[in-house]
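Enquirer: Model the placement of chain B on the given structure of chain H, informed by the hints.
There are 2 protein chains.
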Amino acid sequence: MQKILLTLSLLFSFSLQAAEALPSWNEGISKQSIINYVTAVTKENTADFIPVKDRIAVFDNDGTLWAEQPAYFQLFFAMDMVKKHVSEHPEWKTTEPFKSVLANDIKGVMKSVEKGLISLVNATHSNMDVETFQEEVRTWLKTAKHPTKNRPYDKLIYQPMMEVIQYLEANDFKVYIVSGGGIDFMRAFVPEVYGIPQEHIIGSKGEVKYENGKIIKLPEIHFIDDKETKPVAINYHIGKRPVAAFGNSDGDFAMMEYTEANDKHKTLQLYVHHTDDKREWKYDRDSHIGKLDKGLDYARDNNWTIVDMKQEWKVIFPFELKK
Amino acid sequence: MQKILLTLSLLFSFSLQAAEALPSWNEGISKQSIINYVTAVTKENTADFIPVKDRIAVFDNDGTLWAEQPAYFQLFFAMDMVKKHVSEHPEWKTTEPFKSVLANDIKGVMKSVEKGLISLVNATHSNMDVETFQEEVRTWLKTAKHPTKNRPYDKLIYQPMMEVIQYLEANDFKVYIVSGGGIDFMRAFVPEVYGIPQEHIIGSKGEVKYENGKIIKLPEIHFIDDKETKPVAINYHIGKRPVAAFGNSDGDFAMMEYTEANDKHKTLQLYVHHTDDKREWKYDRDSHIGKLDKGLDYARDNNWTIVDMKQEWKVIFPFELKK
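Residue numbers (the working numbering), protein chains in the order written: chain H, 1 to 323; chain B, 1001 to 1323.
Chain H on its own, in the form it takes in the complex:
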């Protein structure tokens, strides 16, 4: 009986979802393309119908589900960990990129952003077991604030994209994150903040070893989940081709191309285009982070959905919602 009641309440919430899907989206091309797609592939006995088991949707994270400016939030975490643990590592005071971090010289750190990020991650994300590391991430999220938005980092998620995730899940899609961000880092907060379970989170990862019942993080990158390795990671974790892919940069292009090459099912590709320099940030072809250039041209030529954040999103972040 409990199960019946549960289903009735699910049915009810589902009807609400269908009627009022994507409330933070203005009526427009992007909202319509998402709704048209989901409606088409969930209608039984039609050519476009996709069985539930094949409804796999993949989302990039940085710049697609939460903000990524002026630098990846994981970099800010790593920098804060350097400050927190410098007493155990006096050598950091005289070595780059730690020296710049300790001097609050973000530009100095950013000079070698990829290499700097890797050194910082190796130094601050290792020599502890995964569970201890994730506690450190959660503790950090409770107090750290974004340097310009002055909000906790996990409040800088995109409300309209959360609604896309909920809409897809209400229509029996399995939603995965496929991100260049660290897999253990994301798993520390994404389940609670986005409602996506740990096992649906795919990302870059460091080497680990198993010892006495624990998984110990080692100071070495094992796999960077970006560009051509995103489809590789999807194949490894999910084992089937997605039908819908959401990204914001050239780093997501291969994953979206891989999705588009699904020859069994109708697919959807969507780029979030950062066009709002007031409420968020405006960047694409020349950005040092989240560069969208080749992908933008291809998307325009191939009828992919391109979201104009400024025009199409009523709010960007959840805290802008009217109570």
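Treat the hints with caution; some may be incorrect.
[As the list claims (entries may be wrong)] In silico DSBU-like cross-links for lysine-lysine, where the CA-CA straight-line distance does not exceed 30 angstroms:
hint, chain 1, residue 1, chain 2, residue 2
1, H, 142, B, 1142
2, B, 1155, H, 53
3, H, 107, H, 310
4, H, 155, H, 142
5, H, 266, B, 1174
6, B, 1294, B, 1266
7, H, 142, H, 84
8, B, 1264, H, 155
9, H, 264, B, 1209
10, B, 1142, H, 264
Derived by calculation from the structure, the hints in this document are not laboratory data.
Quick caveat, the model's predicted, so the values are computed rather than measured.
Expert: For chain B alone, coordinates are given in the frame of chain H:
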């Protein structure tokens, strides 16, 4: 309305499951320990209750869900592929382990079983895209027969273990396979044969590259999912500690130890012990495949469940079921 009917029918089948769980198991210690565990952890408002999101069960495959004697079935597949493709590779006629394969000299191949298996896998599981490879596995399964049982390999699955999987799933467990077998090999048939979806199958894997919308398999092993790397693979794919683990060999010990070290939830560890030399095979401490030695001692000392196949299983394979 459809959803309500569906739920009613699910409820009905669920009740059947609970009342008649594990029908191919004789009443005894093992059946009782599985039922006691599942009953305890699914009872709300009790100390042992495990929330649905944490109900993760992991199963080894070879020797735990299907047979593994006289050699891993994937080795027979690789051998058959050597015979099928030898005209494209005349050099195989004079090179080991291919020469022994072509002479049907299994003992010759087995002399260097691990190294031989890797060479054979590298040679026969590569230079094609994943989807083509999986078609080859499915085609093989339709015609190939086990050398002594004279049955298709995918009929040599353990009926009592299939019932454990169904019983766990009926109780909202997420069931994963964590096997030393090849991930792409298993994904070709496990979803249809066991009812476990592709994304819940974890295994050893070769290198791959992404190219033009396809995942191409390369002739190099990337990751062997065995012993201490089983917990590593679980952490990478699932991101949380299982609560129940099922294996049959020392190769599964680390995964079961990792599960037992779960400090949040009550856990279950179960070894399938191969004790039936008539209906299946009898082997443990001295076997060249599926060796169970250290694990057997630990299991006996630590109150793990040890299934005596001969005594506790009414049937081994599904084809022994009375119609």
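Enquirer: The structure should be examined with respect to each hint, and the outcome stated for every one.
Expert: Do the hints match the structure? See the list:
{"no.": "1", "hint": "H:142 x B:1142", "in the structure": "violated (56 angstroms)"}
{"no.": "2", "hint": "B:1155 x H:53", "in the structure": "holds (24 angstroms)"}
{"no.": "3", "hint": "H:107 x H:310", "in the structure": "holds (28 angstroms)"}
{"no.": "4", "hint": "H:155 x H:142", "in the structure": "holds (11 angstroms)"}
{"no.": "5", "hint": "H:266 x B:1174", "in the structure": "holds (28 angstroms)"}
{"no.": "6", "hint": "B:1294 x B:1266", "in the structure": "holds (23 angstroms)"}
{"no.": "7", "hint": "H:142 x H:84", "in the structure": "holds (15 angstroms)"}
{"no.": "8", "hint": "B:1264 x H:155", "in the structure": "holds (29 angstroms)"}
{"no.": "9", "hint": "H:264 x B:1209", "in the structure": "holds (22 angstroms)"}
{"no.": "10", "hint": "B:1142 x H:264", "in the structure": "holds (23 angstroms)"}
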